[in-house]
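Read top to bottom, the protein sequences are chains Z and L.
Sequential numbering of the first sequence, starting at 1, is according to the UniProt record's numbering.
Sequential numbering of the second sequence, starting at 1, is according to the UniProt record's numbering.
Any given hint might turn out to be false.
Note: identical chains are not told apart, hence a pair may lie in one copy or across any two.
[What the hints assert, rightly or not] Calculated lysine-lysine pairs in the BS3-like style (CA-CA distance at most 30 Å, straight line):
| hint | residue 1 | residue 2 |
| --- | --- | --- |
| 1 | 309 | 225 |
| 2 | 20 | 62 |
| 3 | 30 | 82 |
| 4 | 62 | 82 |
| 5 | 260 | 20 |
| 6 | 281 | 82 |
| 7 | 309 | 82 |
| 8 | 161 | 189 |
| 9 | 153 | 189 |
These are computed hints drawn from the structure, not numbers from a lab.
In case you want the letters, here they are:
Protein chains: 2
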Amino acid sequence: MSDENDEKVLFKPEILSTVKVHAGYLHRIKHYSPCNKCHMTFAIYIPSDEDDFPVGNGNARKMPLILYLSGLTCDDTNVSQKGNAFETCKQSGVCFVMPDTSPRGHEKIDEEESASWDFGIGAGFYVNATTKGYAEHYNMETYATKELEQVCKSIDCINDKVDFNRQSIMGHSMGGHGALTLALRNPGKYRSVSAFAPIANPSAKDCPWGQKAFKGYLKDENEWKMHDATELVKMMEPGTMKTVTKAILIDQGDADTFYKTQLHPERFQEAAEKNTKGFMKYNVREGYDHSYWFISTFMHDHVAFHAIKLLST
Amino acid sequence: MSDENDEKVLFKPEILSTVKVHAGYLHRIKHYSPCNKCHMTFAIYIPSDEDDFPVGNGNARKMPLILYLSGLTCDDTNVSQKGNAFETCKQSGVCFVMPDTSPRGHEKIDEEESASWDFGIGAGFYVNATTKGYAEHYNMETYATKELEQVCKSIDCINDKVDFNRQSIMGHSMGGHGALTLALRNPGKYRSVSAFAPIANPSAKDCPWGQKAFKGYLKDENEWKMHDATELVKMMEPGTMKTVTKAILIDQGDADTFYKTQLHPERFQEAAEKNTKGFMKYNVREGYDHSYWFISTFMHDHVAFHAIKLLST
Chain Z
1 MSDENDEKVL FKPEILSTVK VHAGYLHRIK HYSPCNKCHM TFAIYIPSDE
51 DDFPVGNGNA RKMPLILYLS GLTCDDTNVS QKGNAFETCK QSGVCFVMPD
101 TSPRGHEKID EEESASWDFG IGAGFYVNAT TKGYAEHYNM ETYATKELEQ
151 VCKSIDCIND KVDFNRQSIM GHSMGGHGAL TLALRNPGKY RSVSAFAPIA
201 NPSAKDCPWG QKAFKGYLKD ENEWKMHDAT ELVKMMEPGT MKTVTKAILI
251 DQGDADTFYK TQLHPERFQE AAEKNTKGFM KYNVREGYDH SYWFISTFMH
301 DHVAFHAIKL LST
Chain L
1 MSDENDEKVL FKPEILSTVK VHAGYLHRIK HYSPCNKCHM TFAIYIPSDE
51 DDFPVGNGNA RKMPLILYLS GLTCDDTNVS QKGNAFETCK QSGVCFVMPD
101 TSPRGHEKID EEESASWDFG IGAGFYVNAT TKGYAEHYNM ETYATKELEQ
151 VCKSIDCIND KVDFNRQSIM GHSMGGHGAL TLALRNPGKY RSVSAFAPIA
201 NPSAKDCPWG QKAFKGYLKD ENEWKMHDAT ELVKMMEPGT MKTVTKAILI
251 DQGDADTFYK TQLHPERFQE AAEKNTKGFM KYNVREGYDH SYWFISTFMH
301 DHVAFHAIKL LST
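Okay, chain Z solo, but in the shape it has when bound:
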């Protein structure tokens, strides 16, 4: 009880807004982030428990959680407004948490010459930075995998409803990179993993986004492959994908202008298939681009994919 109060003092969570949508509630919450040394804002959708929904075994009235990591330039509002996730979350009885894509409000960092749409604000890349200036302020891996959960547990209206022992992870583009790498770096933490058009091989020379971000955030080039989903899988013992997670799903639009110039999802697919045959489902979707029009079309499939894993024993 005193721990909980300590965390309330530490994080100072403030509910900015609550709105009813698809028979559930969408909260936007601002809080202090000790790991990023700034205030952060995230959103969480919680289906109402007044309706009937599957609650899984054991934790009656507590629902599992999908962590959604957004892409470059986004915050929580892009996916909450355009992602088309909540109807399926409500039908499945699954919560959906949407963190920001970087720390914000570090004046000195925000004004640096290197700051741009694909580096710095809105582009945290879900790594803990090790370079000067960023190491103390850009710790999005810790934030996404640990601190955000602690913040959620310190807020009664979330802690009362969410079973944090059942989590899955997904993301789009930079957030797809985040979902794949954070799952691979935290084996067993996420029951299932999915991505829309992920940056799947960011340390490769033909991935300018990854090159720029890793150069800026990671001091030693030897660290790069530890944050590259394709390289991480290549390092694993054969047949060990099942120790990481139960299933992986990736969707990629073939009209996505970044498909062959930045993302390279087939490299991850090939490495994963080589490790454990038939472990991942990879779909190339004809005519779809890199936008939320693509995501909103297949979001139902992804949420349902996770729900099946999260609701089974």
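Following the hints, complete the assembly by docking chain L onto the known chain Z.
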């Protein structure tokens, strides 16, 4: 053939973008609007005919159309990005057209003192203005009921797919007012009518939005009731609602801050029920507000409601 070419020259339609979403195509189109004497932009969603969908009788391969009228401050992008309409449109084989809410780009009008968020740009109220300054430039009733259809017919990729003889109309807030009044003023044109939180009695003293708009756009106060859904129904002969349209659906959130201060949907319901008992379905939705969170929750119901009327013989 020459008529068609004339209209192409007249409207000069330009497809600004086409994106694939829910196995269909969303086009954004800019064109010259003779009735508003400015360029206008609208969007239209057309399900792909490569998939199986109901095509109704007669017009094989041509799909019916829902006209969606947006609320104050909006343009086509609010409902296209946040409205959650296209999945159900695709499942039903129904097109969805989204006009702007006012003319734009009339410098003199746009700079007037009276211009504000609820008058002028983004607030055309779907009437043909009769006041000085606006009469020549603000003709949104003609635009929504006639000109937009002519523009669509002049564009091959729309004309080839849409059966303009089967249309329904719907809208939100100011657009709900538009849907109800345009249907009542054009009996038989729209097979079904629906609205989210409509401004249902705009000429009433306790509707500040309507008072401001009608004062600004309509020269003679006697014109007001001809653009007020509740007043229009009161003027109709008893039992004649079925000559207007086949069915009406209204949804209203009870946490909508404008519910009792601007909208007054029950006044329309009462008048409609008095005219033809059981003709309209009216739902008060507990806990929902005036936003697109509310609309996205019940959009499926509305699109399906229209589809049933549009696809039946």
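For each hint, the structure was consulted:
no.: 1; hint: 309 <-> 225; result: within (29 Å within a copy, 58 Å between copies)
no.: 2; hint: 20 <-> 62; result: within (19 Å within a copy, 37 Å between copies)
no.: 3; hint: 30 <-> 82; result: both (21 Å within a copy, 23 Å between copies)
no.: 4; hint: 62 <-> 82; result: both (26 Å within a copy, 29 Å between copies)
no.: 5; hint: 260 <-> 20; result: between (40 Å within a copy, 19 Å between copies)
no.: 6; hint: 281 <-> 82; result: both (24 Å within a copy, 29 Å between copies)
no.: 7; hint: 309 <-> 82; result: both (25 Å within a copy, 28 Å between copies)
no.: 8; hint: 161 <-> 189; result: within (19 Å within a copy, 49 Å between copies)
no.: 9; hint: 153 <-> 189; result: within (17 Å within a copy, 55 Å between copies)
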